[in-house]
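Using the hints provided, position chains B and C with the ligands relative to the given structure of chain A.
Chains as they are written, first to last, in my numbering: chain A, 1 to 394; chain B, 1 to 189; chain C, 1 to 376.
Just so you know, these hints were derived from the structure itself, not from any lab. There are no misleading hints in this set.
Derived lysine-lysine pairs resembling DSSO-like cross-links, with alpha carbons at most 27 Å apart:
(1) B/K38 - B/K164
(2) C/K295 - B/K153
(3) C/K295 - C/K279
(4) B/K153 - C/K179
(5) A/K99 - B/K12
(6) C/K179 - B/K38
(7) A/K371 - B/K12
(8) C/K305 - C/K59
(9) B/K38 - A/K99
(10) C/K179 - C/K287
(11) C/K179 - C/K272
(12) B/K133 - B/K81
(13) B/K133 - B/K38
(14) C/K295 - C/K179
(15) A/K133 - A/K197
(16) B/K167 - C/K290
(17) B/K12 - C/K272
(18) A/K133 - C/K33
(19) C/K303 - B/K153
(20) B/K167 - C/K295
(21) B/K153 - C/K290
(22) A/K197 - C/K33
(23) B/K153 - C/K297
(24) A/K99 - B/K37
(25) B/K23 - A/K99
(26) C/K179 - B/K167
(27) B/K23 - C/K272
Take a look, some chain C residues computed to stay more than 12 Å from chain B by CB distance:
(28) V47
(29) L96
(30) D350
Rough simulated footprint, nothing fancy, chain A against chain B, three-plus residues with beta-carbon under 8 Å:
(31) 10 to 19
(32) 25 to 36
Using N, Cα and C, we set each Cβ at its ideal position, and we do this for glycine too.
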Amino acid sequence: MSRMPLPADRLVQPKLVGYDPTRPRPWLERLAYTLFFAALWAMVILAYGAVPALFRRFGWLSTTAGFLAYAVVEAVLAFLLAAVVALILIVVLRKYLGKVQERVGPMHYGPAGVFQTVFDALKLLGKEDFAPKRVDWLIFRIAPAIVFVSAFLLMVALPVAGGWVMADLNVGLLYIVAVSTLGAYGVVLGGLSQGNKWGLLGGFRAGAQLVSYEVPLALALLAVGVYAGSLRLSDIVEHQYGVWHVVPLFLSFVVYLVASIAELKATPFDLPEAESELVAGYNTEYSGMSFAFFFLAEFVELFLLPGFMVVLFFGGWHGPLFGLAPGSFAAGVLQSLYFLIKVAVWVWIFLWIRATLPRFRDDQLMDLAWKGLLPLALVGLLVAAFLRMFLEVL
Amino acid sequence: MSLFAEVWEAVKAVGAGLGAVNKRISEPAVTEFYPYKKPEIPPVSVQFLALIQNEDGTDRCVACLQCERVCPSQVITIERKRNPEGKGFVLERFDLDFANCMHCANCVEACPVSAIVTVGAFEHAVYDINLLKADKAMLDHIGHEARVWYSPKFGVELRTPEGKIQKAPPEMQPGGLAELLKAEGGEAS
Amino acid sequence: MRGPTTVEPVPGRTDELIINMGPQHPATHGVLKVVIGVEGERITRAVPHIGFLHRNHEKIEEARTYPQIITYTDRMDYVSGLQNELPFILAVEDLLGVEVPQRAKLIRTIFFELFRIASHLVWLGTGMLDLGAITPFLYTFRDREMILEITEKTAGARMLPNYFTFGGVRRDVHPDFFKDVAHFLDFFETRLPDYYALVLDSPVFQARAVGVGVLSRERAIARGASGPVLRASGVAYDVRKAEPYDAYPDLEFQVPTRTEGDVFARFWVRFKEMEESVKIIRQALEKVPKTGPYKGKVPPRVKPKPGARYRAVEISRGHLGTYVVSDGSERPLRVKHRSPSFANLQLIPDLFVGARFADAIAILSSLDPVFGEVDR
Ligand code: SF4
Ligand code: SF4
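If we strip away everything but chain A, and leave its shape as in the complex, we get (with noise of 0.2 Å):
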């Protein structure tokens, strides 16, 4: 009979990438999810600064070929930071759902585990985009991809700083609510066609609450329209010198964050792909490439949520300019890391909020939707309506 080979010959010590988990060195986390930020930052500044200043500095936009380049250029920075966002996000949130939950969370792949969801995607990428034979092919592939696209156009209209967005439309908050709707027919159609019925289950969840969600959520932005008196975001956002719109506006904004929630899908509000019910709701089916598109979508929409929300009830990138000229180069750059701390602090939030409750159920959340959200949006919405009133007579 063969002699069992001993533990020490067998043992395979996972190879680690230039950090040893057994000794945490706190310094070295901080520094590396520092970087992070400040690789967000720079990110930010070009994709929506210092591009298009070049762009506008060398008056390359006048001509149809310069604008055609500039165009190209920016749809590759913004598609490169929705990557970025939703690399960065994905490693804090499970950095952070371990801390509070008393673990490590990842650490094998880069000093504390900051490289971890780059070897994700990897190993996304590597894996078979399977489709059972039972789905709606056309319809199983185009769904991930609306829900991507949903969310990567959102951030055209995101202003980072003054006079730092990609297009400042004239209906910018009209346009947050069509583009954002646009996600749920991918999630909706997802469902449907992949001949599952955990997905149906879960495509039919998603779609009732995606398009009641957007409800409240398109009354509260309404409010801000009608306070700030514009459509324009960036006008918004000049608005708010002086007090910012969450302390007028406070039903709103609560009602923002209660439907921002739902919208993302996150606890309490993750029904349609609750995965102790649904197993996993409407990405059942999905492998791969495919699947990854949800999860980029999901957490490049965890950045804009509360992006917006910062937009319109906090001011935006204000903050103390230290003498710099506003509008210039330097100010913008300071504005956006004003903004990006906003965000950072929503975000943070927005993950306690998913790491603490439970889930709801479906019909309580049509509920909270249709008897809560939508007469408390309605009441801020004459609130806003009328301290405009009291602020055109004054």
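Below, chains B and C with the ligands alone, put in the same frame as chain A:
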């Protein structure tokens, strides 16, 4: 008014939950770094079984078949023959199928001479289940590798680096044995 | 009364969807399969299928000697492993006429209640995971780990220790045992308020649990429910009070009951039981002598006189009883286990039908079945 009170209560309760979660952020992680740091296993813990040989290389086992008899999964197979010189029996074959062993330590408990013992080596996952069918040579080998082991008769025993077998000091002994040794003045240590 | 054994689609009916929930569903706690018909989110029919973990315990046990069977009883309800050994041991002790020293009784009681806390912690963590909260799961498992470590130090294994034996326990406790247990209790009491904040007091949880899966007192008795499920429906039946065993007659404790019979009541009862367990262990720690005999006199060959005996204990899930028939030989003629999860699982069709799909998950986790014990 009661609606506002209710909402306020709910907000307060959610706040308490958020506080309970946030409180833990500064607490040290309890994660075990298993392949890098081996956990310390108490000697009584039934992780692996071994046959112990005396310092002079003879078997402790007297082939009494007690362990075979008590094993609930019936995974011990012993063949013995009469000892040609002197009385008693000697082992011809001692097989133990770890794949079906339930690590109940009934055999350790039953052994009258503490020949079969529990040792703390716990990493015995293998890809081929046949490797878990241990014969006497393997059980002896595990016993030789072991630095500390336990059996109810003799308590925790140690193997010194020179290969001597010693009884462990009373503070390492589990249970009443430690009390017993202390009462006797700790003469065994 | 036999219910339907399967769910067939009704010909021509298109609004009902038939779903196999399990045996590989994340919320079925192992290997339950429930075939359910749903109309939208509302459940119209539900039929549980069990037997995926059947290991033929009762038949195997007829071919094993008495000491060997203790090892098998451990494997029934593996979440509260040590508790399962007791009814069989009590029954055989009765047949043998063995005296158990008081110290051994107290040690057994301490372990019994420690495992109740451990089992309820597992239930709490996985139950909240089913309801969508991940964090309590990791907190409860971290606390349970301390109990398992205490057990390993004394009994030699973490979950299935095979530690109780006829006449007492197998070996004396580790010298640190009483200190460790007291330390754990102090620690656990600091953690309990967090569980209240995260679970019972959380408004989202209350919205999910209050008024869901209501089980009436009559229905609970008729279906033979026991344990927290029964007590949440207003029946103050607890084997520890009704037929006290081991050291329970000397210890003071309450039997928490609630009359609502909904998911919230079942959660509440288990929470209060954990608190009661802490109190029981505290009392037992005061009473237990530090040294002394841990095992009574038992003949080396366990051969009970012919006869039959039924003994029951209150394990974490309810009334676990074992019926032992002895013919005077080394092996029992018949061993029958009456397991609480199996009886509680009969409630599934009652409670599921009419509930929403998400409620079904909450109801299942509030019944807290363990399939090792359902299927045996
Ligand atoms: S530990 Fe138990 S199952 Fe394993 S060989 Fe010993 S008696 Fe048999
Ligand atoms: S009980 Fe001990 S001495 Fe007897 S056969 Fe087994 S190992 Fe050998």
